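Protein chains in written order, with our numbering: chain U, 1 to 508; chain W, 509 to 1150; chain A, 1151 to 1514.
In short, the hints are calculated from the structure, not lab data.
The structure presented is a predicted model; accordingly, all values stated were derived computationally and were not measured.
Incorrect hints may have been included.
[To be verified] Chain W side only, calculated, beta carbon under 8 Å to chain A, not exhaustive: (1) Asn616; (2) Leu1053; (3) Ile1065; (4) Leu1068; (5) Ile1070; (6) Glu1075; (7) Asn1079; (8) Arg1101; (9) Thr1123.
[Said to hold, decoys possible] A few chain W residues facing chain A, derived, Cβ under 7 Å: (10) Asp917; (11) Thr1048; (12) Leu1074; (13) Ser1080.
Glycine included, every Cβ here is placed at the ideal spot set by N, Cα and C.
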Amino acid sequence: MNINRPDTQSQLSNPVAQIVAGTKAYAGVNAIEGVNIALYGGEIHALVGENGAGKSTICKVMSGAVKLDTGEFILNGVSRMYQHPSEALSDGVMMVYQETSLVPSMTVAQNLRLGHEPMFTQFRRLNTAARQQLQSLNFNVPVNSYVSAIGSAHKQMVEIAKALNRKAQIVIFDEPTATLSPEEKEQLFISMRSLARSGTAVVFVSHALEECLAIGDRVTVLRDGVVQITEEIGRLTRADLVRHMVGRNVEYIRHAPPADHKVADEPTLVVEGITFGTLLRGMSFSAYAGEVVGIAGLVGSGRTEAAHIIAGFVKRNRINGGRILLNGRPIRYRVPRQALHDGIVYVTEDRKVNGFFDTMSVSRNIFIGAMASSRWLPVWTRTRSERTIAARFVERFKIRATSTSVKVIELSGGNQQKVVLAKALTGSPKVIIFDEPTRGVDVGAIEEIHKLIRDAATSGATVILISSYLPEILAVSDRILVAQAGRIVAELPIQGATEESIMFAAVH
Amino acid sequence: MAEIGLLCLGLTVVLVAGGIDVSIGAMYGLVNMVAVIMYREARLPVSVVAVIAIGTGLICGALNGLMIAYLRTRPFITTLVTLLLFRSITEYLEQIYSSKLATGIRDNGAWSFLSSGQVLGMPTAFGMYLIVGLIIHLVLSRMRFGWRVTAVGSSRTAARRAGMNLKSTTFSVYLLSGGMVGLAGLLQAARLEQNSSGTGIGLEFTVLTAAVLGGVSLTGGRGTAARAMIGTLIVAVIGQGLALKNYNSSVYPIVLAIVLLFFVTIDLKWGKNRNRALQKIFMVPGFLRMAPIPDVREPGSIWAINNRLSDSKAIGLGIVDGPEDVALDREGRLYCGDRRGMIWRFSGDEFEHGEVFAHVGGQPLGLVFDADQNLNVAIAGMGLYQINPSGEISALSTEVKRSWYKIVDDSAVRMADDLDVANDGKVYFSDASTRFGGTEFFLEVMETRPNGRLLCYDPATKKTTVVVKNCLFPNGVVVSHDQQSVLFASTVPCRIDRIWIAGPKKGKIETFMEDFPGLVDNLNRSSDGGYWVAFAGMRTPTFELTLRHPAFRRRMIKTLPIDEWLEQNLNSSCLVKVTEEGEVIDCLWDGTRKSHQVLTSMREHNGYLYLGGLTNNRVGRVWVGSGPEPHPFIDKKVEANV
Amino acid sequence: MKNRTLQLVGELLRPNTSKRRSIPVFDGAMSPNDDLDDFEIVENAITEPEDLAMLKGGELLIAGKSGIHILAGSKKEILVTPSNEVISIAVGPNNQIFAGIADVGVVQIGFDGSQEVVLNSSGGQPLRVPSSMTITPEGQLFVTDASTVHRWDQRPRDLMTNGASGRLIQFDLSSGKSTEIMSELAWPSGICVASSDQLVLAESWAHQISMFDISRGSRTVLKSGLAAYPARVNLASGGRFWLTFWAARNRFVEFVLTEDEFRKEMIETIPQEFWIGPAIRSTNEPWEPMQIGGMRHHNKVKPWSPPRSYGLCARFNKNGRFDTSFHARAGSIRHGTTAGIEKDGVLYVVSRGGSLIMSKEVAS
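All chains, full assembly: derive it from the sequences and hints.
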């Protein structure tokens, strides 16, 4: 990449903006804690960290979308507490969103003038002015196209041009490169550099270390809401950054398969080149019975979308969509029911949204799961059979509830998750996809859920575990796949895999 | 039809703002009733009646607007409720006044004018409809209010973020719709003087169908007055058609319902794919038959590959990126462009001091000094610019008069490529493509359509004129040694043509040289009365085969991503010297491609030849004069002030 | 034209039957890397090597355009230079050397440089493209005849005409009897003994590897839809196999394969060296066909640009599952990897494009 980096460092005398001892908690858990960050004009400041490290929270604080619990945000020496994003905007703090700040049914030229539209438009003048402005920034965006028809990189460029129009002091990019091709990324970086050159303080949030190293002037690494280090890019290596990003104290017990356990020779599930929208770009992998294959990767790498396609939540594309083979037979599901009948079960990552029926009791939830996966429904349901089935699973999964007729929403997070698992596993499915199974679950329940996942594989099911939590992947998987930008980019056997090697592959 | 049309225009504005108004039929009935009452019963002057009628519409519209915009109620439910409200008020009024209205005819000139008069040869109502339609069209497409309406309907978030007042915009559209209904109701009252409360029942449905048929999107953000008027026309034609065929009048709603259902389904399904369809690059490849390629491998051929440029001395190595053209000023300082949007200047005996002369943006291509030592730059994507010796940048030419017969606006100078200044100060420069922007030149090579032109800027009149139209990627421009003609290169067909600018053949174009083995890029004068020619790439047989199969290229463009398209070989090139008579006398390559990968331009100065290239990381210099080289470089390290 | 619309409609209706729309990606164990560039160079002075074999004493036999060389440690000597190109080589159970020579057939080479033709035709058809050979310990020689229609130097033509005229021939060394055991293969390019009764077969144009059962005469496809053109197969440790690929698949080439009119005119009017198609090396010469993604910047090409040539050596097990791969992407010169063998934990790979023999220690 040929980025023109200024030789002289920006003036480090006066920061344009600062967050001092910022803390913000959501539902009792600290998203960020005691964070100190300073932004200087003319500099690109990179924020890196894993999922949930607190990067988005910092951006939201700066752009006025959330308020700090303690600490302050100081802009140009004056402490500010924004009630609404529009206040931040009028102060010159601008967040570049991926899509939602442009009007899709209007052209690029029109969008550039949003906010200060002319009374009466002469299109030619509008277009020429827009073209001159964009070209002087080296943005090759066609000014006559409708915004709905241009790609993400071009949309971001239009946003940047708008920011320059507004003379923004701080421009924040939150994961702008998630769906960009290498060429578009290079274009974006050149534009960000132009922006910085005009004196703006640029904040660049990304998990991709390559990008931060290429474009950033200074970097702040966050882990679990706490700033680990802030340093000039030139002084840190990639290994240093990875080291600051990962490594935590929690160790999970490794659940290994029994010594004589054999994994099937032939794959049960073969996924070949599925492509869907911008999130999936030809993802391929295979899963074998008796094995837990863990898919690690960052948010937006397409794992959940792939799981949705496999489990029938979303229809696979007809043309160029790829293929999915179950035991050698090509499948394409239009509704999840068909997948359930074939024995494919997807355990959702967001149980509060679609994990269980929250107005129903534990036993009813589990029983509905049993009914859903059986091929024929009984006309009359017997309360006795409901309770028997429920009791069996409560026993097996150690669901802690005072009785099975307790409503599910009254249980703790961990037990709720176990109900969700029980619902899914009633029908003895052949393929189980777990998506973030221990999110928001207390530590004790996490161990038990891990054991359940391992037992499912030992009893012959094909288990796919999707998780962003690396210790979990290392604790439960037999084989680790790493997804990045809609494709599987690396396959690591469990022996010798470390958090750092996985993170390396995910961000490389 | 005029009444339906007016209602449709009002509804369109509401739809574009992302709302919907189903109370327009009832409003219509109410206004009609009020107008008739005011006219016949209250015997008010017609102008007052008109004001009251339109005012009623405005009040009803304001009611809708208040609730939807300020109380944030849902448009459909709200207007459904107001529909009932207006309908019941109308019935109530009918109950009170029907008997009184049965008698009492009133004749009035102005009223009759409204009903059966003529404006410009058309019935009054229709004439008013057209005028209003034109006004709405201008407002929606060009005025600030129209922008705000479109923005609000297309994306509320974006509109809010841009600082628009959503509430007042939403309120205004319902107010406007009410006003339309008022006008339409007035015209209806004048025409038919009906006093039944059944007027306008079911009309909202007809009007909605008209809007959807015309192409106004139900999801908001898309729609113009023209579409509304077309939709109205279609609905009216359907109505007329059914009437002529003597169908029962109750068939009309059925037909409309079927049509509406069909188009709504298509709109919802197609709306999703609209973006995907529009994302494809729009190119129409043309057919081009080229002569066979001269064989550059034939030993002894003038084209044979050699290494005469491999040992060039490097200027600005690793600092410049993409110096497409090179120029030298009177003091011998070297200027070159950089694809990142700047102009470099190198000075010193060995050009070891480099600095950024100007940040121009875009992609600076051709560079030429004029008689006053101003640097004229052709910047791709922007146009013809000038930088005076103190570094001030001014735009000389960024647009031309638009060709009136072309649908696409081709007035902008989109790919200014090379230029030359004649002795009389006129600047001749090429605009390689009216379709593609600066860095997409390879798309133009792919399309092979005559999208380019040769332009001339006259500093005396500050006007730009088109000298030659319909060129196939015009690139290099050079004024001949005798100033009587201009040579211009066409990259895609690999030829150079001459247009006479003075003398007996003025205005005539003739072929200078054709069938080069490469794609001709920049042209410049050489010191011995001839010209230097550079190539942007070399011709390959497979690509030229695709030039004869435009359907193949079209399918390739549709199915493959841009990275996979076949192109001429743009990874190597050479320099050629030709005489005034069109004979090739020398050919220089960098066969190793270590120093210069693609040579797109050259400048001869005091016996040295300076080499530039679009993808190079240096400017090269070789000695081509007679005798030994006077000042060979001693490879000093270059310092650059960035 | 009608054909194309019907095809599109058919795809819409039966979504699992799309034929040649996209090529599989390199992912999982086949994710792209630059590992071939880190291999050690064993020999770089032999021009255009094609195949590799090992004698009982550990000496390397290198066969290619310049004949057959023997490499023992640092000593290199030329064994024989036949008039036609040597395109494959194999060693028999008694250390006999067999060479496949284009347009001639299978020739036994003596250590004194003598040449004796042992097999030049089968079933009435001359053996003109003996692309690979393998010999069982019991003295059965299997040779693939890549095409009965085209010659070795007409490989691009065979691809462009969707050639599938290759065959697998079994030759008994003691009795001299030959039988054609499989036919209509799509440029078979690699054959290797898997067990006493099984062979692994690689076909370039079918992009697949199959297991062939000798006694039953049946074949099962191990893996099809490979993202590159497979070349030769050889044994690896632990019951696995090394497969080299001589070039990677290119979406534009696949597109051309669906355009009949264009292909016909290209074959008839343009000399073969200018065709678009997979190549052993990228020369960066002015007449080389170029795709937009292959445009160079500062004379460097981006590693993920559409490949004209490629270097790839990968290991798979008897289930067709790949576990390791070594790549040389666009911009490297170590392309055209046509053969790879493993001996004593060291993998030797031939790069015909770079005229190199490379090696690397491989763990099992």
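Right, here's what the structure says about each hint:
1. Asn616: At 65 Å from the nearest chain A Cβ, asparagine 616 of chain W fails the 8 Å test, so the hint is violated.
2. Leu1053: holds (6 Å)
3. Ile1065: violated (11 Å)
4. Leu1068: holds (6 Å)
5. Ile1070: holds (6 Å)
6. Glu1075: Where the cut-off is 8 Å and the nearest Cβ of chain A is about 5 Å from glutamate 1075 of chain W, the hint holds.
7. Asn1079: Check passed: Cβ of asparagine 1079 of chain W comes within 5 Å of chain A, closer than 8 Å.
8. Arg1101: Check passed: Cβ of arginine 1101 of chain W comes within 6 Å of chain A, closer than 8 Å.
9. Thr1123: Since chain A brings a Cβ to about 5 Å from threonine 1123 of chain W, closer than 8 Å, the hint holds.
10. Asp917: Status violated, d = 27 Å.
11. Thr1048: holds (5 Å)
12. Leu1074: With Cβ-Cβ at 6 Å, under 7 Å, it holds.
13. Ser1080: holds (4 Å)
Consistency with the previously given hints fails for numbers 1, 3, 10, ordered from lowest to highest.
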